[in-house]
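Undergrad: Sequence:
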Amino acid sequence: MPSQLTVTSWNDMPFSGIVKENGKWVGKGYAFYIFDLLSTKLNFTYTIIPPKEHILGDKSSGILGLLYEKKVDVAVAFLPVLPEIGQYCTFSAPLDETKLTAVMKRPQESATGSGLLAPFERTVWLLVLMSLIFVGPIIYFFASMRAKLWHDPSSENFSLSSCFWFVYSSLLKQGTNIVATTVADSTRMLFATWWIFILILTSFYTANLTAFLTKPQFTLSISSLQDIVHKGYSWITYKGRTIDFLLSQNQENDLSLLNVSKLQGKGVFKYYEHSRAILGSVTTKRLFLAEAHYLQTLIFKDYMNKTRHHLQHNSRCTYVIMPGSILITSRAFGFPHGSTFEKRINTLLLRLIETGIIHRTKKEDLPLTEICPVDLRSSERQLRNTDLLLTYKVVVGGYTIAAIIFFFEFIYAFILYRVQNGKRKVCCYLPCCGPNEKPQNPLNSNLPTQNYMMMLKKSPPAIYQYPGNVLIKRKQQFINGRSYYVVTNPYGDRKLIPIRTPSAFLFQYAA
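The sequence shown begins at 1 in the UniProt record's numbering and counts up by one.
Worth flagging that the hints you see were computed from the coordinates, not collected in a lab.
Beta-carbon label-pair distances, calculated as ranges:
1. V395 <-> V128: 18 to 24 Å
2. L201 <-> G356: 47 to 53 Å
3. G492 <-> L160: 24 to 30 Å
4. L496 <-> E109: 43 to 49 Å
5. A403 <-> N489: 32 to 38 Å
6. K99 <-> Y271: 19 to 25 Å
In silico EDC-like pairs for lysine to aspartate or glutamate, Cα to Cα no more than 20 Å straight-line:
7. K70 <-> E53
8. K239 <-> D254
9. K270 <-> E53
10. K301 <-> E364
11. K306 <-> E370
12. K475 <-> D493
13. K285 <-> E109
14. K363 <-> D96
15. K105 <-> D375
16. K41 <-> E342
17. K71 <-> E53
18. K71 <-> D58
19. K262 <-> D244
20. K28 <-> D96
21. K301 <-> E273
22. K362 <-> D96
23. K70 <-> D58
24. K231 <-> E121
25. K363 <-> D36
As the structure is a prediction and not an experimental result, all values here were calculated from the model. We put the beta carbon where it would ideally sit given N, CA and C, even for glycine.
Hey, can you work out the whole structure from these sequences and the hints?
TA: Rendered as structure tokens:
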């Protein structure tokens, strides 16, 4: 083991760094703390030769160039252990395992949303919509088939519109008397199954909606490399570091997908700079890709600076780290090929790693609790206008559809009136029309012309105005302090309908 070694490193604080003090290069960070312990145990000293550029480089540049040309004995830095680097140097025992991830400016809204659609995923909503469309025809099919197979005149023949209304009213928990009057067990089973499904579905929706509105869980829209590329995020990373090195390789690797956004001009490479400068370039749509521990250090420093300015807790956590990772790799010291003292350093270095000294050293600069997590777990929650945005859309959409339907009804009534009026005029001039068959002219009738025209334009009676409706034969009674309509259906069953509940009239429509 020589008594004097030449080493190199790069600026990658808090892991490693070199500064010039009194005309001499001095090493900083975790790497030199560990290397100083090795020099004490193995009785050697070292001098630092800085690289021309603080990058990984290649055969003629950066740290790898110094190792490949054997100008230094050791690279005292947390270098990524990658197969692509093996042609330039060898590695020591792994110092740690790190993950590359992304930091972004904290969005105002959670990725899961905060409106009425937030409790369920899109797939769930699509399946619910499909069930609303198909369950009605399924019930109608089974009910019709049973009536035809049994030839039972007393069996109820439900119309398709009644089955659709039953499915819809069940979702709103309005109820119907359609099940109570049927004698078909198969139809009852279909109704009961749908009611149980709706009961469970609405219970889950109500519980989840309450949780989302009162204490929502904040999530990000990205959690992997695929999300960054497919959702069109821009990104920044350090030039000459792990990501830039892998993207510059001609062969396929774990980060090759980033070349898609790089070719689209969404990737920017910058040389190593101060933490505030790099965080200032980060927005909600522009990410900074780097090592997770390094990003935690940047956020912690930013948090402490804002704490000194007495900002509120939510205002201190301006940035947030993506929970997932884009690459996981080991890191180690680097040696030139054919190093004679690599084995001795590795033996002692492995003992230090097994004691946990590296893990403890990395934790010294960070607090025990997580700073600025994805979910800030704030207990204060007030409903915002965006929470009710879907409600406004439903109201506007409902009135718009009603207006469109009314417009077509008006056109239909106008065309029908013109057709009927044209037939009367033709019939008046036909010789086949006798005196008894000739329609009476409204001008010669006893009814005033204005009343006759109003009668022609009058819309067809509503369904609850037909003589067969049970409400026509209703009797009003006052029971237990509340007014009810006592009605008798065609089968002789008496029922009570609360007068003060407008939705009670809808029950008869389903019947």
